[in-house]
Amino acid sequence: MMELVCPAGTPAALRAAVEAGAHTVYCGFADETNARNFPGLNFSREEMAAGIDFAHDRGAKVLVAINTFPRAGAQDLWHRAVADAAAAGADAVILADIGLLAHAAERHPGLRLHLSVQAAAANPDAINLYAQAFGVRRVVLPRVLTVEEIAAINRETEVETEVFVFGGLCVMAEGRCSLSSYATGLSPNMNGVCSPASHVAYAETAKGQEARLGGFLIHRTARGAPVPYPTLCKGCFTSGDQTGHIFEDPVSLDATRLIPALRKAGVSALKIEGRQRSRAYVTQVVRAFRAAVEAAERGDPMPEGLLTRLTEGQAATTGAYAKTWR
Amino acid sequence: MDLTVGPNPFFWSAEAVRAFYRDLAAAPVARVVIGEWVCSKRLPFWQDEIAGAVDVLRDGGKEVALSTLALITLKRERRMTADLMAAGLPVEVNDLSALAHVPVGAPFWVGPMVNVYNEGTLEWLARRGATRICLPPELPLASIETLARAGRAADVAVEVWGHGRAPLAISGRCYHARLHDRAKDSCQFVCGEDPDGRDVDTLDGQAFLTVNGVQTLGRAVTTVAAQIGALRDAGVASLRLSPHAGAFNDVARAYDTALRGSEAALPATLARLMPHATFCNGFVAAGPGAALIPEQGPGQSAPTRQF
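If you read the sequences in order, they're chains A and B.
Take the first sequence: its letters are residues 1 to 326, numbered as in our numbering.
Take the second sequence: its letters are residues 1001 to 1307, numbered as in our numbering.
Treat the hints as calculated values from the structure; they're not laboratory data.
A couple of the hints might just be wrong.
[Claimed, not checked] The calculated BS3-like cross-link candidates involving lysine-lysine, where the alpha carbons are at most 25 Å apart (straight line), are:
{"#": "1", "chain 1": "A", "residue 1": "Lys264", "chain 2": "B", "residue 2": "Lys1075"}
{"#": "2", "chain 1": "B", "residue 1": "Lys1075", "chain 2": "A", "residue 2": "Lys207"}
{"#": "3", "chain 1": "A", "residue 1": "Lys323", "chain 2": "B", "residue 2": "Lys1041"}
Construct the complete structure from the given sequences, taking the supplied hints into account.
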């Protein structure tokens, strides 16, 4: 069966995900070493150890994401995170930075290494390079590839592939995007945040409700209508005589119906985005996807519209997996 | 500290490419990186100019390297990358997968699209054969100082994004084509209509970003004009100038004059040479990249201005 890899931003979400049927949970420490460095989220060292014990007791695995790029002169913080994850019994660490991969491979030879989506390894040459150089066993593929391209990658590598199937959608190659820091000074790569809430401002104006990021207007809606969160690449902008969502509509990813095709393409694991999500959300999504991967295993059709209400009234897309998206 | 001209991010005609490099051969820059960086679909339209440009630049005394693409996904693109290594020139790696085609220990350069954020990564690349690394544009001065020091210890020349709209993102999707209601596969090469990329403004008319095919750039022109002293003190080996339309050789001359000791006049000279541009330098100042701070001394993180 394809492995279902589920998000946990808190110990409660971890327990909820495991109880809802997650094969594997991924989480991070409460600092800038992980790419979901949001206030009130993530795990202390003690919580991580307890969470891993809880999961292992129930036959589930825990992956620890240490997937920002260590700050020059402060690499120790990231090195300690890898050592602590290993000591807590993590089944693997998810890393993006070459220097950190080299460190982990040398100092923790028994620790299984997964390559984060933040490393943007988008072809077999890159993936095999990480495997040869650091012994990487699994790669989380960037969301710029079609199902056909994923199948082609799997034909050329022994490294397991994991792909995102649900949740937030990056439209840029992850780990290679400085849009957020251009507007706010804080980036996914350096700070583990994208379009951070600390730099968001909402206002009622004569022209409507406005959402700004770092002072730049990202959304404007009519009074009374909901204002989307101002994630930079989902904003509404003007170019020449055109106004609209130049990069992407405020959509989220739902590749449920592609699960059989992804399975056929040789994908080992399906990943759900959303470490910032509530425990209730995690429970519902995990339960639905566990049913979907079991259906795929039996060759049954995918359940339709299972998660529509969880996409928060937003439209869903299959993203780059369909070639027409480009 | 000297000057390096990076690969042209934009889609220009073969004639425009030829004229650009012919002129650049006379510019006061130490080296030039040439090659298609953004979209492999553009290359057939101008690749026949590369050999001639390399010759004219080398005749002008420049060191010349070939750039890989910044995002390599297709089989054709991987073959192209392997072929680059056979050209007998230094290669600048802008997608790490290109390293798969570089024999271990053979020298190569690393471009700004490869994530070199810390000493560990720099040292690994140096062991693998890197001799020159242009750092990602979003790095603050404190990181640049540490990396320049690590570079000197590892015999790697460290370069910083010095001038030009900063590359902020690359995607599988073509935004130029999307603006014309087309998919990437049927783009009809519309990015060629915008020699400096296509402007993207906020709904209240603030200049914000630039779309360039699958790439997104800042709209303001990044310049380290006010930070040259700090970068020199940090031990940065070279400033990277990114090609753009209009007065580029004059811009290169202005930076050369500044490097020779008269840097105070540089901001005013740039404003005169690029009258329609707004400028920014926030990344080096550890603030929003789009911000402009007046001057920055060594080791000093200047307060950033919110827009």
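Need the status of pair Lys1075(B), Lys207(A): alpha-carbon distance at most 25 Å?
The hint is violated at about 49 Å.
Original post:
Does Lys264(A) pair with Lys1075(B) here, judged by a C-alpha cut-off of 25 Å?
Top reply: Status holds; Cα separation ~20 Å.
Distance restraint between Lys323(A) and Lys1041(B), which requires alpha-carbon spacing of 25 Å or less: holds, 16 Å
Hint compliance for this structure: hint 2 is the single one not met.
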